[in-house]
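Respectively, the protein sequence lines represent chains A and B. Numbering-wise (our numbering), the first sequence opens with residue -2 and increments by one. Numbering-wise (our numbering), the second sequence opens with residue 3 and increments by one.
Bear in mind the hints are in silico, worked out from the structure with no lab data behind them. By construction, the Cβ of each residue, glycine as well, lies at the ideal position given by its N, Cα and C atoms. Among the hints, a few may not be true.
Ranges between beta-carbon positions, derived for each pair [to be verified]: (1) G171(B) - D31(A): 45 to 51 Å; (2) D32(B) - G3(A): 54 to 60 Å; (3) G171(B) - A137(A): 36 to 42 Å; (4) G47(A) - G171(B): 52 to 58 Å; (5) N283(A) - D119(B): 20 to 26 Å; (6) K98(A) - Q245(B): 48 to 54 Å; (7) K98(A) - P144(B): 18 to 24 Å; (8) A173(A) - K4(B): 36 to 42 Å; (9) Q148(B) - D378(A): 52 to 58 Å.
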Amino acid sequence: MNSHYGIYGGQYVAETLLPTLYELEYEYEKAKSDPDFQAELKRLLKYYVGRESPLYHAQRLSRHCGGAQIYLKREDLNHTGAHKVNNTIGQALLARKMNKKRLIAETGAGMHGVATATVAALFGFECEVFMGAVDIARQAPNVERMEVLGAKVNSVTSGSQTLKDAMNEAIRDWTARAEDTFYVIGTVAGPHPYPAMVRDFQSVIGLESRRQCLEQCGKLPREVIACVGGGSNALGLFVGFLKDADVKRVGVEAGGNGLETGAHAASICGGRVGVLHGCKTYLLQNNDGQILETHSVSAGLDYPGVGPEHSYLADEKLATYVAVNDPEAVEAFDLLARMEGIIPALESAHALAHAIAIAPQYSPEDILLVNLSGRGDKDMDNIRHYRQRTQKTTAQHK
Amino acid sequence: MKNRIEKIFERCRDEKRAALILFTCCGYPDMENSERIIQGAIDSGADIIELGVPFSDPMADGMIIQKASQIALQNGASLKKVLAMAERLRKRNPNTGFILFSYFNVLLSYGLEALTDELARIGVDGILSVDLPYEEKAELEPLCKQKGLHLIPLVSPATSPERARLITGQASGFVYYIAVRGITGVRTELPQELIARLEEMGRISPIPVVAGFGIGDPETARKIAKHARGIVVGSAGMSLLVQEKPLEERISDFKHFVKSLSGSLSPDA
Ligand SMILES: Cc1ncc(COP(=O)(O)O)c(C=O)c1O
């Protein structure tokens, strides 16, 4: 199995974890060609997650934008409300094969934490989730869901108290307890084999979308668009279209207050190459190699790194990366709710905002396929606070 | 010509004792006092100093070193400043071993070519990067070899004997045996199999094996030192430095502690 993507990727972790990574790679390789494993995965994705998820033509929204037809891949309709569960089911099956007793996870928006707590309940694992104190406050409903599912949520108060710090803490726990604990990483980052394994588990998004698009429209989309935190929903979508030279693959990073302000989480658009959490990739860091604090209204995108394969795709121009700022993401969130009766996750709203912005450049025969990676129920408090904050600052400026 | 690290281990062997290796978080509480603290450790009997360059995300470290790193960074610590300090320390202490210790991103960001040049010029003896395992060392190891620097490898309780043979076979300087599965921090109890594993590593490794992680008091140090060529103490010393007390008291407690460690390693202890 390839552990690097060009210069990116690798296994930059403490020696204590290397034997665990080898064991995982071995088991994962076996599972790939194990018909029982694949059948079990397929069964759970169908009857438990509810796949396949629809590809939905957002007609009112498309008409409103004027231009391309916008299609939404409805990962928000999966059990637990996001794409994250595609991956946690796969990893939980591996954890069971490896006789682990306990699952741990990092989470930002809480969707991956919920998806991990869910499979822990389903398979009978103990479960502990690490979550930054700032994220616990802004994604409170997900904290309650995890607790109802029987997981213990550990509040992380170091550093910026967001996703990056949650991942530090999860890695610390894992280093001490890898013998009985499986670390369920929620995105295409971390040391090899995680980026490849998570990509494979999420590739169902792209494979389904491509087939559905051909079935429903008789042609491929002009662009496939997804938000990029660590990049798992985006990579899952992209791999379905990597051989289609005419399909543009666009990853949307969190522009926060704007790239020029420094308060953002756009690692590819605004970072440089470094090593964090086990892999070499684009990172937001200062001149001394210290990781910077990030900002985004969306907790799931608020991370200073990105999956290493995205860094490679960006360098090779196999995918394009843009940034969408907080206000545009919130506007897209509102628009989808009012026009289509779908409340998207703030993460997914970033991808949608980009589609809305570029749709007028296309003609009505063209298709833009947006991955609606999750639903927005978790964001109600967050949105209310955002509106209160921005109203205050607008009032101050008047 | 023998290199400095070899000479230190030879000297210790002649004196029938293990080497005392002290990790300090550079720049804690600030660069100036950090230099005094390190000089204090050397004057109190440390043979080798691990110059810990703080990183914003110290994934392999427990609370004490996390806290010290954060304060050091707030007070302006950087690799550049640590190198300037190392140069002064080297001039004053020609026989002490100095190993630069950090997370890989800090080294990478400085530039590996420039960094290894600078370390060789100053007379720092080697580099230890906690998150640069055997699989990823190709980017740094040739530069170290070329410039006469040791790239210090780690082995852990999870490392198999075959892997340990591979890791130590290509290394120079010394090999660092991580005594516990987990992160840095003082432990009240060390694993049962520690001594047996140390003996095994001693047979496998062509270079001296030192033990670290979790060693918190002179009594434990003395016990483990019987089965290793050196012991590394980090968090236990740093824990005295991060206390809520006047700085002078903290530094004096720290020096006292290093002296007691050093005493515990002497053959008649
Ligand atoms: C709904 C949703 N979309 C996207 C993301 C970002 O993760 P990734 O970039 O790995 O898809 C998250 C992360 O929490 C999420 O909850």
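Structure-based check of all given hints:
1. G171(B) - D31(A): 45 to 51 Å: violated (36 Å)
2. D32(B) - G3(A): 54 to 60 Å: violated (41 Å)
3. G171(B) - A137(A): 36 to 42 Å: violated (53 Å)
4. G47(A) - G171(B): 52 to 58 Å: holds (53 Å)
5. N283(A) - D119(B): 20 to 26 Å: With a Cβ separation near 22 Å, N283(A) and D119(B) satisfy 20 to 26 Å, so the hint holds.
6. K98(A) - Q245(B): 48 to 54 Å: Since the Cβ atoms of K98(A) and Q245(B) sit about 38 Å apart, the hinted range of 48 to 54 Å is violated.
7. K98(A) - P144(B): 18 to 24 Å: violated (42 Å)
8. A173(A) - K4(B): 36 to 42 Å: Check passed, 38 Å falls within 36 to 42 Å.
9. Q148(B) - D378(A): 52 to 58 Å: Given range 52 to 58 Å: holds, Cβ gap about 56 Å.
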